[in-house]
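J.: These are the residues of each chain, in order.
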Amino acid sequence: MVGAMAKTVKRTDIDDFVLRAGVEAEALGQLYELYYERIFRFCVYRLFSKEAAEDVTSTVFLEVARGIRSFGGQTEQDFRNWLYAIAANQANAYIRKTSRRKQLLAEAANLMTAAATGNASKLDWPRLYAAILKLKPEHQTIITLRFFENLEFEQIAKILNARPVTLRVTLHRILKKLRNHLQAVPDGEA
Amino acid sequence: MFKNETDFNKIVGRLNIDDKPNPAHRESLRRQMLSAFNKTGEQSLSQSGPLWRTIMKSPITKLAAAAGIIIAVLIGIHQFGGSIDGATVALAQVKENMKKMPWIHIMMEGLHSGAEVTEELWLSFESKILASKQADGRSEYLDYEKHQKYEYDPCSQTITVSQLQDDWPSPEILRSRFFLDKIIETHTEEGAEITCRAGKYKDKTVDIYDIVFAKWTIGVIMQLFVDSESHLIIAASEIHGDSGGTILDIDSEFQYPQKGPRSIYDLGVSESAIVKTRDVSKQYAADAGIPKLVPLAIKLPRPMFVGTPQDVKVPRLEKPLGRPRPPFYAPIGTKNAAFGKPVTSTDEDPIIGKLEWITDGDKEGADGSFVELGPFEQHVTIDLEAEHNIYAIVVWHYHKEAHVYFDVVVQAADDPDFTANVTTVFNNDIDNSLGLGVGKNMHYTETAEGKLIDAKGARARYVRLHSNGNTTYDTNHYIEVEVYGKAAK
Chain A
1 MVGAMAKTVK
11 RTDIDDFVLR
21 AGVEAEALGQ
31 LYELYYERIF
41 RFCVYRLFSK
51 EAAEDVTSTV
61 FLEVARGIRS
71 FGGQTEQDFR
81 NWLYAIAANQ
91 ANAYIRKTSR
101 RKQLLAEAAN
111 LMTAAATGNA
121 SKLDWPRLYA
131 AILKLKPEHQ
141 TIITLRFFEN
151 LEFEQIAKIL
161 NARPVTLRVT
171 LHRILKKLRN
181 HLQAVPDGEA
Chain B
1 MFKNETDFNK
11 IVGRLNIDDK
21 PNPAHRESLR
31 RQMLSAFNKT
41 GEQSLSQSGP
51 LWRTIMKSPI
61 TKLAAAAGII
71 IAVLIGIHQF
81 GGSIDGATVA
91 LAQVKENMKK
101 MPWIHIMMEG
111 LHSGAEVTEE
121 LWLSFESKIL
131 ASKQADGRSE
141 YLDYEKHQKY
151 EYDPCSQTIT
161 VSQLQDDWPS
171 PEILRSRFFL
181 DKIIETHTEE
191 GAEITCRAGK
201 YKDKTVDIYD
211 IVFAKWTIGV
221 IMQLFVDSES
231 HLIIAASEIH
241 GDSGGTILDI
251 DSEFQYPQKG
261 PRSIYDLGVS
271 ESAIVKTRDV
281 SKQYAADAGI
291 PKLVPLAIKL
301 PRPMFVGTPQ
311 DVKVPRLEKP
321 LGRPRPPFYA
331 PIGTKNAAFG
341 KPVTSTDEDP
351 IIGKLEWITD
361 GDKEGADGSF
371 VELGPFEQHV
381 TIDLEAEHNI
391 YAIVVWHYHK
401 EAHVYFDVVV
411 QAADDPDFTA
421 NVTTVFNNDI
431 DNSLGLGVGK
441 NMHYTETAEG
451 KLIDAKGARA
461 RYVRLHSNGN
471 TTYDTNHYIE
481 VEVYGKAAK
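So the protein sequences, as listed, match chains A and B. Position 167 (the first sequence) corresponds to 167 in my numbering; numbering is contiguous. Position 437 (the second sequence) corresponds to 437 in my numbering; numbering is contiguous.
Hints are computed from structural coordinates only; laboratory data are not their basis. The model shown is predicted, which means the values in this text are computed figures rather than measured ones. Note that CB positions come from ideal geometry on N, CA and C, so glycine has one too. Some hints could be false.
Output of the computed footprint for chain A on chain B, the stretches with three or more beta carbons under 8 angstroms from beta carbons of chain A [stated by the list, open to error]:
id, stretch
1, 4-14
2, 23-31
3, 371-379
4, 467-481
Each computed DSS-like pair below joins lysine-lysine, with the alpha-carbon atoms no more than 25 angstroms apart [to be verified]:
id, chain 1, residue 1, chain 2, residue 2
5, A, Lys158, B, Lys313
6, A, Lys177, B, Lys3
7, B, Lys354, B, Lys319
Work out the full structure: start from the sequences and follow the hints.
T.: See below:
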């Protein structure tokens, strides 16, 4: 009877890596291999520049190395939420430095100028990035996690410590602002 | 363009984004990460922990301490063990090159304990001068040849002159150096990990030195960008963290001018600043003509919250007074100028309630008395409909539960867009996430007393209150805002 009532949770190999990563370098290495590319891509979408993405990715995984021994999560889901939260904070911190933000906007603007050939309404990555960069850092993170990382609202909610229903409302408003930004003339300025 | 989320998703799916990682970076980072992991552990940090805290409470400027670490790294770097690829030897040469330069000028910006800070530093080994200037105008000029210290306070526009007791290098640098020497001493066998790789810094070809002290929970990661031609440091990046997170995250750029500041006045301090020696204090006469002050009669709602507030982990949280708030004194004739006045907001369609409830005089915490605005950053603006001298602002966000609201910034201005004569009367946005400046005020727990803010007589027509969610919800709430003032003459 106990077996019939007990909830069975199936653990995966990756869940085991998470449990062992706090004490075994090999397990941590496995998690690194699984998530390096995802975090790097997240940083590219958030920071536009691959060079900046490499810097922030480095910071993220070094922070993981320092904090994994005291990390209390037990599943891959826990690890993934923690990892993305670190990545989101580090990317925001990176952009928050004014000089870097201007640099990122200038890079996007240069690429837009270089690619401008006719169809001004065509939406390319530099133009979209410049518009996203005008949003508040938390909103930029939501856009990236939802549309570039394709995470569900429940996952994003855990990463950002928010409620899923709040995120849905917020996303609706963010897209409205993004539409307005994109309909303005893109000049790469903040 | 796009109408909805589905459309936007399709647009994103069609974008051409180069997001392929560099295999060399992947491999290099893996090695660094595992090396950092292997060096952390159960090590006791009783030696370096308190020492680090002592350094960070040092009376000198925050970033000068960190810059002292840059300098101390340069001075003491030859002591490091565990060098790889001759990196230590190469850095020792860089250090020697830098010591030959007449002046080193360092521009620093970054985060310290969550707050943004910027600072300039000038250093001359030859003249034995260390000078610094912070974004708020505070400056220091330390002349070790003359044993004189000059400190400028922009608030009082005063330069304080005192005797420098120590010899070059300064005790601050010594403490930093001692800190590093302590680490090196304790972990001589392993030391710091230093690697060198070629790279770019703003289109310049550089050698990038990665220095990691990751064995201890108080970790230090430093990157030095050394110009490949001149073999001088042109930039540096430092992150200092502990188990609680990042304490310092700063970026620096280095220049090597031929000349540097000859006195504190060369740091931009006005020659009309008052100069005093540390032993002499200047007495300032009380300003005559202060109007008669009387206690404000603030009617409080009945407390709705019952019980003991949960222990919330919020940095810089005000402790409860434990007794009723003492009276606030304001000139005779001061009254609530916000009562019945129009309110606008970033959220024009509140989730609950109406904006006009914010100045309707109803301060109860029950349903039907509070307004709920959307999540994250929001603000409300009250038009007093005439210029007022504002003495106090009292805000009740939501006192039915013991919330702490974040990024509470209260401002007054002459225009509704807050571009003219903007005065910030309260700011607890400690990490400047709103971009309105680093807040120095503390977080507080909501109570039926409301939060009383001393506006010091700010003259304005509009009052704006910002917030960014609270400890329980991302949404924002207002029960009532009162603005105590008198119509300006």
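J.: Look at each hint and say if it fits the structure.
T.: Taking the hints in turn, this is what the structure says about them:
By the rule of at least three residues with a Cβ nearer than 8 angstroms to a Cβ of chain A, the coverage given for the stretch 4-14 of chain B holds, with 6 such residues. Interface restraint, the stretch 23-31 of chain B with chain A: holds (4 residues with C-beta to C-beta distance below 8 angstroms; minimum three). Only when three residues or more bring their CB closer than 8 angstroms to a CB of chain A does the claim for the stretch 371-379 of chain B stand; here the count is 4, and the claim holds. Restraint check on the stretch 467-481 of chain B versus chain A: 3 residues with Cβ-Cβ distances below 8 angstroms, three needed, restraint holds.
Of the pairs offered as hints, the one joining A:Lys158 and B:Lys313 holds, with about 18 angstroms between alpha carbons and a cut-off of 25 angstroms not exceeded. Between A:Lys177 and B:Lys3 the alpha-carbon distance is near 12 angstroms, which keeps this suggested pair within the 25 angstroms criterion. In summary, the hint linking B:Lys354 to B:Lys319 is not supported, as the alpha carbons are separated by about 32 angstroms, beyond the 25 angstroms threshold.
Consistency note: the structure conflicts with earlier hint 7 alone.
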